[in-house]
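Asker: Sequence:
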Amino acid sequence: MSDTQFAKVAVLGAGTMGAGIAQVCAQAGSTVVLQDITDEFVQKGLERVQAFLQKGVDRGKTTEAVRDEVLSRITITSDRKEAATGADLVVEAVPEKLELKNGLFRELADIVSATCVLGSNTSSLSLAKVFEGVANPERCIGMHFFNPVPLMKLLELVRTDATSQATIDSVTVYSKQLGKEPIIVKDSPGFASSRLGVCLGLEAIRMLESGVASAEDIDKAMVLGYGHPMGPLKLTDLVGLDVRLAIADYLRTELDLAGFEAPELMRKMVADGKLGKKSGQGFYAW
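Sequential numbering from -1 applies to the sequence shown in my numbering.
Simulated from the structure, these hints should not be mistaken for laboratory data.
Some hints could be false.
[As the list claims (entries may be wrong)] Using C-beta positions, here's what the derived DEER-type ranges look like: (1) G223 to R265: 24 to 30 Å; (2) K42 to G223: 34 to 40 Å; (3) R57 to E136: 40 to 46 Å; (4) G278 to Q163: 26 to 32 Å; (5) K79 to K266: 21 to 27 Å; (6) A211 to K79: 48 to 54 Å; (7) D215 to T36: 40 to 46 Å; (8) E130 to A164: 18 to 24 Å; (9) S162 to S186: 14 to 20 Å.
[To be verified] Straight-line alpha carbon distances no greater than 25 Å define the calculated DSS-like cross-link-like pairs of lysine-lysine that follow: (10) K95 to K266; (11) K95 to K174; (12) K151 to K53; (13) K184 to K174; (14) K174 to K53; (15) K127 to K184.
From the three backbone atoms N, C-alpha and C, an ideal C-beta is built for every residue, glycine too.
All chains, please: the whole structure from these sequences, using the hints.
Answerer: Here it is as structure tokens:
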């Protein structure tokens, strides 16, 4: 589609987030290549998109024609160079490991054009470090999506000191084409969303640990009292206690604030394998 800000988008990482990002980009009219390190991983990613769209058809939210049109714009590959070649935008959604992300972007810089926008879906890592050593840093930006990507309206755009205004403007336009409401945040540990969300989640765990109230009632306080769509403990279960613990430890070190000290209850649950929804048990039974 000629009015789409980025004609070809490469999404690297076909997990839950990557699949969702690929879907919304295809829905916006972009040609999308979804890539992961094995054919099995990337096939599962495509199946996630297919299942999500089919659920929309079953519920009358979309049509079979729209489903088929969106899927027709998505191709899959396990070859990173093939995925990125000719892309106008690359978004990485690989695991939250700084060395992995930085190595990926250094590799990409030798594949894509100098004007290709490079976006990272990191939820808390320093983007200055994620993009360190990458050529043309003015085209690098954080694009922090939220799960489930096709439904969540927020898109946190994170600028580094090197990010150009032209990059911010073009990605802002595209965010709106994706049906998102973008916010622009400076590259700072945890940005805006993770810093606030993790802080609230950790305090909720401390309250549970000290017997202030049950998990259900702590969550209900935020849902009914403050209008949150989901309580902080249930959200921690969905994100994964291990994921949130890693972010908390990172923020505790980077910000040197006691509020990000992870509670012992959280560490014990992670050590015991109670990671939330993905393990079947967290603050709730799944």
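Asker: State for each hint whether it applies.
Answerer: Tested hints:
Checked against the given bound of 24 to 30 Å, the beta carbons of G223 and R265, roughly 28 Å apart, stay inside it. About 39 Å separates the C-beta atoms of K42 and G223, a value consistent with the hinted range of 34 to 40 Å. With their beta carbons about 43 Å apart, R57 and E136 fall inside the hinted range of 40 to 46 Å. Distance hint check for G278 and Q163: the Cβ-Cβ separation is about 47 Å, which falls outside the suggested range of 26 to 32 Å.
Remark: the range hint 21 to 27 Å for K79 to K266 is contradicted by a beta-carbon distance near 44 Å. A hinted range of 48 to 54 Å holds for the C-beta pair A211 and K79, which are about 53 Å apart. Between D215 and T36 the beta carbons are some 44 Å apart, a value that agrees with the proposed interval 40 to 46 Å. Separation of E130 from A164 is about 21 Å and conforms to the stated range, judged on CB atoms against 18 to 24 Å.
A C-beta distance of roughly 19 Å is found between S162 and S186, which places it inside the suggested range of 14 to 20 Å. Simply put, K95 and K266 have alpha-carbon atoms about 23 Å apart, close enough for the 25 Å limit, and the pair holds. About 29 Å separates the Cα atoms of K95 and K174, which puts this hinted pair outside 25 Å; it is violated. Pair hint K151 plus K53 holds up; C-alpha atoms about 19 Å apart against a cutoff of 25 Å.
Restraint check for K184 and K174: satisfied, since their Cα atoms lie roughly 20 Å apart, inside the 25 Å limit. Among the hinted pairs, K174 with K53 is consistent with the structure: their alpha-carbon atoms are about 24 Å apart, no more than 25 Å. A hinted pair counts as satisfied when its Cα atoms are at most 25 Å apart, and K127 with K184 qualifies at roughly 14 Å.
Violated hints, listed in ascending order, are 4, 5, 11; each of the other numbered hints is respected by the structure.
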